[in-house]
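If you read the sequence shown in the working numbering, its first letter stands for residue 1, the second for the next number, and so on.
Among the hints, erroneous ones may be present.
Said to hold, decoys possible - In silico PhoX-like pairs for lysine-lysine, Cα to Cα no more than 25 Å straight-line: (1) Lys50 to Lys76; (2) Lys26 to Lys45; (3) Lys44 to Lys26; (4) Lys44 to Lys34; (5) Lys57 to Lys45.
Keep in mind the hints are simulated off the structure, nothing from the lab. Predicted model, so just to flag it, every value in this text is computed and none were measured.
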Amino acid sequence: MSEHLERPIHPQRGWEYLRSFEMRLKVPRPAHDKGEITEQEQWKKKLNQKVQEVGQKHPEATVEVWAMDEHRLGLKPICRRVWAQLGSHAIANVNWKYQWLWLYGFVNPNNGETY
1 MSEHLERPIH PQRGWEYLRS FEMRLKVPRP AHDKGEITEQ EQWKKKLNQK VQEVGQKHPE
61 ATVEVWAMDE HRLGLKPICR RVWAQLGSHA IANVNWKYQW LWLYGFVNPN NGETY
């Protein structure tokens, strides 16, 4: 804004300007940069066709769609801030050990059954 108006402007004016347009500072939800919404929709449509094909090939079997997810729960030391005297370097000794637990879950979207 300062360059556009050719005079110094306090950063707070920028915040006020954005808020006047009902903008808010938020943490964005991550999305993969190679993700294509149209391809995802096509895949969803093809899934139903594939399930029907498998059901036709194996009429004696019950064909169900299950969703699976995995998550790694763990502890990793994080050192945010430490108090240090003025003029000295802040050093925090950390024992970098990782502890992980893998959690797997399955759900049937049709009836909510979980495993």
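Check each numbered hint against the structure and report the violated ones by number, ascending. 1, 2, 3
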